[in-house]
Amino acid sequence: MFKQIKLVAGQVYRTKIKTPSFWLAVLTPLLIPIVMFAVGFIIAKTSDDAAPKLAVVDNPVLAQTIKSGKLLDTDIIEVSDVDTAKKKIISDKLDGYLVKKDDSYTLVTSTNGTMKFTEGTVRTALSQIELADKASQLKLSAQELASLQQPAELTMKTLSDKGETDGGAGKNVVNSAISLAVTIVIFTLLMVYTNVIAQEIANEKSSRIMETLLAATSAKVQYYGKIMGIGLLVLTHILFYVVLGVGASVILKDNKMVKGVLEMVKGVDSNFLIFSVLMLVVGLLSYLFFTAIIASLINDQSQVQQAVQPIVFLSMIGYMAGIVGGTVPNNVVLKGLSFIPFVSTTLMPSRLATEVSTLTSAYIALAIQALALIVVAKFGERIYAKNVLSYSDEKIFKQFVQNLKK
8 MFKQIKLVAG QVYRTKIKTP SFWLAVLTPL LIPIVMFAVG FIIAKTSDDA APKLAVVDNP
68 VLAQTIKSGK LLDTDIIEVS DVDTAKKKII SDKLDGYLVK KDDSYTLVTS TNGTMKFTEG
128 TVRTALSQIE LADKASQLKL SAQELASLQQ PAELTMKTLS DKGETDGGAG KNVVNSAISL
188 AVTIVIFTLL MVYTNVIAQE IANEKSSRIM ETLLAATSAK VQYYGKIMGI GLLVLTHILF
248 YVVLGVGASV ILKDNKMVKG VLEMVKGVDS NFLIFSVLML VVGLLSYLFF TAIIASLIND
308 QSQVQQAVQP IVFLSMIGYM AGIVGGTVPN NVVLKGLSFI PFVSTTLMPS RLATEVSTLT
368 SAYIALAIQA LALIVVAKFG ERIYAKNVLS YSDEKIFKQF VQNLKK
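Residue numbers (our numbering): 8 to 413.
Hints may be right or wrong, so weigh each one.
Stated by the list, open to error - If you anchor each label on the Cβ, the simulated ranges turn out as follows:
1) 157 <-> 38: 16 to 22 Å
2) 255 <-> 100: 39 to 45 Å
3) 108 <-> 259: 47 to 53 Å
4) 24 <-> 188: 22 to 28 Å
5) 149 <-> 127: 39 to 45 Å
6) 41 <-> 157: 41 to 47 Å
7) 259 <-> 88: 46 to 52 Å
8) 258 <-> 27: 25 to 31 Å
9) 337 <-> 90: 55 to 61 Å
What the hints assert, rightly or not - Below, a list of computed lysine-lysine pairs in the DSBU-like style, where the Cα atoms sit at most 30 Å apart:
10) 402 <-> 227
11) 385 <-> 227
12) 77 <-> 141
13) 260 <-> 227
Hints listed in this document are in silico derivations from the structure and should not be mistaken for laboratory results. Remember, predicted model here, so these are calculated numbers, not experimental data. Quick reminder that beta carbons are idealized off the backbone N, C-alpha and C, glycines included.
Kindly generate the complete structure, drawing on both the sequences and the hints.
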């Protein structure tokens, strides 16, 4: 029987991999990063690298202090009054001007200069100047001033069942980014390939070719063969991304964006990576079997969306919970949902990435999902064999409920 399953799987794989729809599904998600990279590259090449020009109004001491201390990455120009500065801005000779009145400062920029001066950078520079002035008034030495400016030393660590690890804001950002990426990847693959298998079964039923296929093989062979064939497509899809990613990292190794991504990837825990791959395989297979069961109740192509809709809603629960989990990771409802089969497929990797779930809890959720896979697969054999040649006019949900009762 296994040879027959391999034949069916090979036929499904060869047929689907040649279709434009498969490659469209593979290439479409790449458009966003490609466009972002292209836009960033164009902006970097065409942007004006010249330092912005800033005028200091009627304050030679302030102008000289900014110049000598190199507190701002700007060309400092001295002007005698505000009117002169305004005229220079309007004629595009200045990007902005700085005025000090009493103990307060005002920065006025042109519409083009707004992006060149960040409030935080300018505020920090002026704060340093004010601090130096007050230190001078208090007759503090340069060493004493430096001591006052020395920031407190703080080391952030995270404690888990694996022990203490270095943490902090940077690690949290990386974990959140990985969590979001894993959630989106798993959800995207679920949406693409549950729809593919539903379309495959609907095509065969609507064309009445299933009668011919079952004359040569059994429903069980068709059932498992289709799942294996679609599984090979998923593997091809993922391997294509891996090869493309490795190639891009080698060719564009000096690009800042690529360097940032590589630094983030270096911090990925191997245990997390192994678990995510296992959960992806088990979860995706569970969804494919479940979809095959529902799709066996379809009569024609017009019912595909109706059949896939409840599966989309089910996967959306885990997807949305995974997104929300980044903001409220310790929520008791999300913790409970992360152990529920089908929902845990997208939610548990997200929780493990942010370290709110332990590796032990993650593998418990994986074991529960694996058990659900076995139950759904065995249950699906009977439902698929019974309905693959049935053409009922009743609604799919009603047919499904009736099959559950029998």
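Going through the hints against the structure:
1. At about 48 Å, the beta-carbon gap between residue 157 and residue 38 misses the expected band of 16 to 22 Å.
2. Roughly 43 Å separates the CB atoms of residue 255 and residue 100, a value that falls within the hinted 39 to 45 Å.
3. Distance hint check: the CB atoms of residue 108 and residue 259 are about 50 Å apart, consistent with the given range 47 to 53 Å.
4. About 25 Å separates the C-beta atoms of residue 24 and residue 188, a value consistent with the hinted range of 22 to 28 Å.
5. Taking the beta carbon of each, residue 149 and residue 127 are about 25 Å apart, not inside 39 to 45 Å as hinted.
6. Against the hinted window of 41 to 47 Å, the Cβ-Cβ separation of residue 41 and residue 157 comes to about 45 Å, which satisfies the hint.
7. The hinted range of 46 to 52 Å is satisfied by residue 259 and residue 88, whose Cβ atoms lie roughly 51 Å apart.
8. Separated by about 27 Å at the C-beta atoms, residue 258 and residue 27 satisfy the suggested range of 25 to 31 Å.
9. Here the CB-CB span from residue 337 to residue 90 is close to 59 Å, well matched to the stated 55 to 61 Å.
10. The straight-line distance between the Cα atoms of residue 402 and residue 227 is roughly 24 Å, inside the 30 Å bound, and the hint therefore holds.
11. A C-alpha spacing of about 10 Å is found between residue 385 and residue 227, which places the hinted pair at or below 30 Å, so the restraint holds.
12. The hinted pair formed by residue 77 and residue 141 meets the criterion: a straight-line CA distance of about 20 Å does not exceed 30 Å.
13. Of the pairs offered as hints, the one joining residue 260 and residue 227 is violated, with about 49 Å between alpha carbons and a cut-off of 30 Å exceeded.
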